[in-house]
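A.B. asks: Residue numbers (the numbering used here), protein chains in the order written: chain A, 1 to 240; chain B, 1 to 99.
None of these hints come from the bench; they were simulated from the model.
Treat each hint with caution, since some may be false.
In silico contact screen, one side only, chain A against chain B (beta carbon under 8 Å); selected entries [claimed, not checked]:
#1 V32
#2 T42
#3 A43
#4 L66
#5 A90
#6 Q131
#7 V133
#8 I136
#9 G151
#10 L228
DEER-style ranges, computed between Cβ atoms [stated by the list, open to error]:
#11 V55/A / L41/B: 34 to 44 Å
#12 D150/A / L63/B: 40 to 50 Å
#13 I80/B / L100/A: 34 to 44 Å
Restricting the straight-line Cα-Cα distance to at most 35 Å, the calculated cross-link-like pairs of lysine-lysine (DSBU-like) are [unchecked claim]:
#14 K69/B / K164/A
#15 K96/A / K164/A
#16 K207/A / K97/B
#17 K137/A / K61/A
#18 K97/B / K14/B
#19 K14/B / K137/A
#20 K106/A / K97/B
#21 K97/B / K137/A
Predicted, not measured: the structure shown is a model, and the values here were computed from it.
Idealized CB from N, CA, C, for every residue including glycine.
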Amino acid sequence: MTHATQALDQMRPPYPAEPGAGVYSNKLGMWVFLASDVMFFTALIGSYIVLRFGVEGPWAKPAAVLNVPLTAVNTFLLICSSVAMVKAYAAIQDGKKYFLRPVPGKLLRDGGLKFWLLVTMFCGAAFVSVQVVEYIKLVGHGFTPAGFRDGSLLAEHAAADPIKYGASVAGMYGSTFFTMTGFHGFHVTCGVISMTYLYFTKVLPEKYSPQDYRGIEVIGLYWHFVDLVWIILFTIVYLI
Amino acid sequence: MTATRSPHASTEHKRPNYVMIWLYLFVLTVAEVALAFELPLSRNVKLLLLLFLAVWKALLVALFFMHLKFERWRLRLIFIVPLPLAAILVTAAIMEKVW
Chain A
1 MTHATQALDQ
11 MRPPYPAEPG
21 AGVYSNKLGM
31 WVFLASDVMF
41 FTALIGSYIV
51 LRFGVEGPWA
61 KPAAVLNVPL
71 TAVNTFLLIC
81 SSVAMVKAYA
91 AIQDGKKYFL
101 RPVPGKLLRD
111 GGLKFWLLVT
121 MFCGAAFVSV
131 QVVEYIKLVG
141 HGFTPAGFRD
151 GSLLAEHAAA
161 DPIKYGASVA
171 GMYGSTFFTM
181 TGFHGFHVTC
191 GVISMTYLYF
201 TKVLPEKYSP
211 QDYRGIEVIG
221 LYWHFVDLVW
231 IILFTIVYLI
Chain B
1 MTATRSPHAS
11 TEHKRPNYVM
21 IWLYLFVLTV
31 AEVALAFELP
41 LSRNVKLLLL
51 LFLAVWKALL
61 VALFFMHLKF
71 ERWRLRLIFI
81 VPLPLAAILV
91 TAAIMEKVW
């Protein structure tokens, strides 16, 4: 970035801000969207709780049907992406627009915005990829949104041990599981696409500065919220 | 920890140690999995402990990664207001099922 553009950044007029909340409009808009998304996921999680604890038959044990260790690793991957996102945010606040830069006397290089946002995107994409692989395996074993597919491996197991596999309510289990995790996966995918767009249109051309990094802060809020929702979903769907 | 001064932040604050929060989240995730599958506790105790750990992790993300801890109350309210509404929604749905 040249001297001239740095000076331009510092001369930017004040951003359009909403006087009540006292923050710039993009950030307020994202918070209002997140508040509405809280209600969206509450409707999904609430329905799951009511269905699960209200049904007559036993619900399947999560570990019998789902790959919990793999999802635990995936959860950690999403947490790592959240940390990378906040490191990207901190980097641009400090004016570190670069990828990696050597630090005298230190073995590790210092990461800038370009590095940390790329790590965030990579971890997010890896999370979605693992989820897709999980879905393919589950459907392959016979677990579908409609329950256990007739003649599948899971249907045979469920016939042998209907309590452990929750055979009588498998349809409800399948539909709630795929709806909740699917909508979350959709959110993650949207986040990765948005970050990729920002990376190529704003981050690589170094359009962000310590005086203006609204895009990074707003996408960061979204990304942390997606992480937060998964923390709750992982516990409710995979552990309880 | 370094001080943060930005036109975007609502209040000036010391930057949290993000790596330490990441470690907390890692340890809590391992604790959750161990609690769910290894510890011989009753189902109800496990349920309560798992929900407690999940809320703890979610709070860490909201307070430190989303910087809610450092935002003005007016902005915090936007995020907090839907939570009791969410609780009412779930409780009402459960009550309808129970009755």
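A.B. asks: Look at each hint and say if it fits the structure.
C.D. replies: Structure-based check of each hint:
For V32/A, the suggested interface contact is upheld, since its CB lies about 6 Å from the closest CB of chain B, less than 8 Å. Hint on T42/A holds. Least Cβ distance to chain B is approximately 4 Å, under the 8 Å limit. At about 7 Å, the closest approach between the beta carbon of A43/A and any beta carbon in chain B falls short of 8 Å, and the interface hint on this residue holds. Annotation: interface hint on L66/A violated; nearest CB of chain B at approximately 12 Å, more than 8 Å.
Against a cut-off of 8 Å between C-beta atoms, the interface hint on A90/A holds, since the closest Cβ of chain B lies about 6 Å away. The interface hint given for Q131/A is broken, as the beta carbon of that residue sits about 17 Å from the closest beta carbon of chain B, more than 8 Å. For V133/A, the interface hint is violated, since its Cβ never comes within 8 Å of a Cβ in chain B; the closest pair sits about 20 Å apart. Nearest Cβ of chain B to the Cβ of I136/A: about 23 Å, over the 8 Å cut. The hint is violated.
Hint status for G151/A relative to chain B: violated, with the closest Cβ pair at about 30 Å, above 8 Å. With its C-beta approaching chain B no nearer than about 5 Å, L228/A sits inside the 8 Å limit, and its interface hint holds. Restraint check, V55/A to L41/B: a C-beta distance of roughly 24 Å breaks the suggested window 34 to 44 Å. A hinted range of 40 to 50 Å holds for the C-beta pair D150/A and L63/B, which are about 48 Å apart.
The beta-carbon spacing between I80/B and L100/A, approximately 39 Å, falls within the hinted interval of 34 to 44 Å. For the proposed pair K69/B and K164/A, the alpha carbon gap of about 43 Å is over 35 Å, so the pair is violated. Distance check on the hinted pair: K96/A and K164/A sit about 53 Å apart at the alpha-carbon level, beyond 35 Å; violated. As the CA atoms of K207/A and K97/B are separated by approximately 54 Å, the hinted pair breaks the 35 Å bound.
Distance check on the hinted pair: K137/A and K61/A sit about 18 Å apart at the alpha-carbon level, within 35 Å; holds. Between the alpha carbons of K97/B and K14/B the distance comes to roughly 48 Å, so the proposed pair goes past 35 Å and is violated. For the suggested pair K14/B and K137/A, the alpha carbons sit about 46 Å apart, so the restraint of at most 35 Å is broken. Proposed proximity of K106/A and K97/B is contradicted: the alpha carbons are some 61 Å apart, above 35 Å.
Under the criterion of a C-alpha separation no larger than 35 Å, the hint pairing K97/B with K137/A is consistent with the structure, at around 34 Å.
Comparing the model with each earlier hint shows violations of hints 4, 6, 7, 8, 9, 11, 14, 15, 16, 18, 19, 20; every other hint is respected.
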